[in-house]
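**Q** These protein sequence lines are chains A and B, in that order. Taking the working numbering, the leading residue of the first sequence gets 2, the next gets one more, and so forth. Taking the working numbering, the leading residue of the second sequence gets 3, the next gets one more, and so forth.
No wet-lab data here; the hints were simulated from the structure. Hints may be right or wrong, so weigh each one.
Claimed, not checked - With a cut-off of at most 27 Å between alpha-carbon atoms, the simulated DSS-like pairs for lysine-lysine come out as follows: (1) K134/B / K194/B; (2) K65/A / K261/B; (3) K194/B / K139/A; (4) K111/B / K78/B; (5) K14/B / K157/A; (6) K14/B / K153/A; (7) K48/B / K25/A; (8) K157/A / K297/B; (9) K206/B / K122/A; (10) K157/A / K48/B; (11) K240/B / K110/B; (12) K158/B / K97/B; (13) K25/A / K39/B; (14) K111/B / K297/B; (15) K206/B / K139/A; (16) K142/B / K226/B; (17) K48/B / K65/A; (18) K51/A / K21/A; (19) K240/B / K140/A; (20) K111/B / K122/A; (21) K118/A / K139/A; (22) K48/B / K142/B; (23) K153/A / K48/B; (24) K110/B / K140/A; (25) K118/A / K194/B; (26) K140/A / K14/B; (27) K39/B / K97/B; (28) K118/A / K39/B; (29) K297/B / K122/A; (30) K110/B / K14/B; (31) K63/A / K51/A; (32) K298/B / K238/B.
Values in this document were obtained by computation on a predicted structure and should not be read as measured data.
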Amino acid sequence: MDQKDSNSICEELIFSGFFKANVKALRNYLYFKFGNEEKANDITQESFIKLWENCKNVPIEKAKSYIYTIANNASLNEIAHQKVVLRYAQNNTHNDRTNQNPEFLIEEEQFRQKLEKAISKLTEAQRTAFLLHRIEGKKYHEIAIMLDISVKAVEKRIHGALITLRTEIEQFK
Amino acid sequence: MKAMEENYELAKWLAGEMTEAELITFQNTPEYATYAKIAEYSSELKAPDFDHDLLYQNTITRKKPVQKVIPLYQSKWMKIAAVFVLFLALGLYFKTTVTSTEIAENGKKINFSLPDNSQIVLNSGSEIQYKKWNWANNRKLDLNGEAYFRVAHGKKFEVNTKLGTVTVLGTQFNVKARENRFDVTCYEGRVKIVHNNHEVIITKGTSVTFDADSFEKQSIQNDKPEWTVNQIVFKKEKLQHILDEIQRQYDCEIILNSKENLQLFTGTLPSDNIKTALDIVSATYHLKISKFENKKIILEDF
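Excised from the complex, chain A in its bound form (with noise of 0.2 Å):
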């Protein structure tokens, strides 16, 4: 017993570690499902407050499952969702394409409009699944583990994300 109570999360160290692991995954996340920063970092919040508050219950493999659920039942009272808004990485330099004409970073620009105007057209689900992935860089098991889903319905939402992205982006041509 004691040597479990001293590797669990009570220990600040190994929550802070935890926090830092886990803050930027799951804010985005929320943020990705409802648009709203100032909500996504309020839930964030009160997810590590209720893991740290009852971090004698929570066995340290559990923790991650725990903060999701926090949110995800938090979350469960957010109706109005707004528009995410994203912005593109600043140092996106790509050596391909540094010496490329003017019309290519007219086109390139075009093109970065055009997706997130799509993306603005994914449903909740597809929209946080795909960006999970693209941004998070989350593997299609751990978003499982997000969403509470299976890897199967994770697949299942990229797919359907690809194919509407893509049909949204080629009726704006």
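Chain A is already provided as a structure; the job is to place chain B on it using the hints.
**A** Relative to the frame of chain A, chain B by itself:
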């Protein structure tokens, strides 16, 4: 089964799980170019930044996420409560500080009770001010004129006048403070009088008179003031003061056209028959009523 597999092949491709053969087939489809671009550009996207450290600090100090705060003043119930409290405070303020006033105008006598059931008869042209709040513990009143007190037993009872202070326990007494003359008569119990730093204690059946420069103590027989039974009793009183008293009792105006007469009057006048009262005064001071109409009386030397 095949349809199901196909359904998820895009997901497989995005995760890099396609076999060589599958990938080549997919790359030859017309849609591939767009999918490739989607994959490339979507990985460049970023969610808005946030403050990890702040979130951590808030978590570790167990500060709950900031709730949407509705300022107190915007809450309807707080407004109602505030108004209620304000009225309550105002009510209390007035109760504690505002004085009750009883006035007996000229020609009238009034009878009233204090909160402790002490009885007061206020003679004509007199006024009493007191505070109802906490009366039982603070029995103090201001008298201007003449009043008869039947004080209920209790704490110290204090009558303040311009001329002096009368302090009693449970008793019956009369206080008359007119002009410079201060009369106190005790009908029951003991009364302490303070007048110009001069302290006197009188007992039942005693009367004291402080004038501008004199002090006199007498015995009395009555068990209550004569004025309460419509008699005006004077003891060695000046003419002007007698006329003042008549004016108060009958609410009239008396003009005296006469030489100064320093004779002092001792006797009783009725306070319910002005003609008799004036006749007695006229006979004593050798005056005549030259005019008597509509509450205006002129007295002249006979």
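**Q** Now tell me if each hint is right for this structure.
**A** Taking the hints in turn, this is what the structure says about them:
{"no.": "1", "hint": "K134/B / K194/B", "result": "holds, 23 Å"}
{"no.": "2", "hint": "K65/A / K261/B", "result": "violated, 115 Å"}
{"no.": "3", "hint": "K194/B / K139/A", "result": "violated, 98 Å"}
{"no.": "4", "hint": "K111/B / K78/B", "result": "violated, 52 Å"}
{"no.": "5", "hint": "K14/B / K157/A", "result": "holds, 10 Å"}
{"no.": "6", "hint": "K14/B / K153/A", "result": "holds, 11 Å"}
{"no.": "7", "hint": "K48/B / K25/A", "result": "holds, 12 Å"}
{"no.": "8", "hint": "K157/A / K297/B", "result": "violated, 112 Å"}
{"no.": "9", "hint": "K206/B / K122/A", "result": "violated, 105 Å"}
{"no.": "10", "hint": "K157/A / K48/B", "result": "holds, 23 Å"}
{"no.": "11", "hint": "K240/B / K110/B", "result": "holds, 23 Å"}
{"no.": "12", "hint": "K158/B / K97/B", "result": "holds, 21 Å"}
{"no.": "13", "hint": "K25/A / K39/B", "result": "holds, 26 Å"}
{"no.": "14", "hint": "K111/B / K297/B", "result": "holds, 18 Å"}
{"no.": "15", "hint": "K206/B / K139/A", "result": "violated, 106 Å"}
{"no.": "16", "hint": "K142/B / K226/B", "result": "holds, 22 Å"}
{"no.": "17", "hint": "K48/B / K65/A", "result": "holds, 23 Å"}
{"no.": "18", "hint": "K51/A / K21/A", "result": "holds, 16 Å"}
{"no.": "19", "hint": "K240/B / K140/A", "result": "violated, 118 Å"}
{"no.": "20", "hint": "K111/B / K122/A", "result": "violated, 94 Å"}
{"no.": "21", "hint": "K118/A / K139/A", "result": "holds, 23 Å"}
{"no.": "22", "hint": "K48/B / K142/B", "result": "violated, 82 Å"}
{"no.": "23", "hint": "K153/A / K48/B", "result": "holds, 26 Å"}
{"no.": "24", "hint": "K110/B / K140/A", "result": "violated, 103 Å"}
{"no.": "25", "hint": "K118/A / K194/B", "result": "violated, 99 Å"}
{"no.": "26", "hint": "K140/A / K14/B", "result": "holds, 11 Å"}
{"no.": "27", "hint": "K39/B / K97/B", "result": "violated, 83 Å"}
{"no.": "28", "hint": "K118/A / K39/B", "result": "holds, 15 Å"}
{"no.": "29", "hint": "K297/B / K122/A", "result": "violated, 102 Å"}
{"no.": "30", "hint": "K110/B / K14/B", "result": "violated, 110 Å"}
{"no.": "31", "hint": "K63/A / K51/A", "result": "holds, 13 Å"}
{"no.": "32", "hint": "K298/B / K238/B", "result": "holds, 26 Å"}
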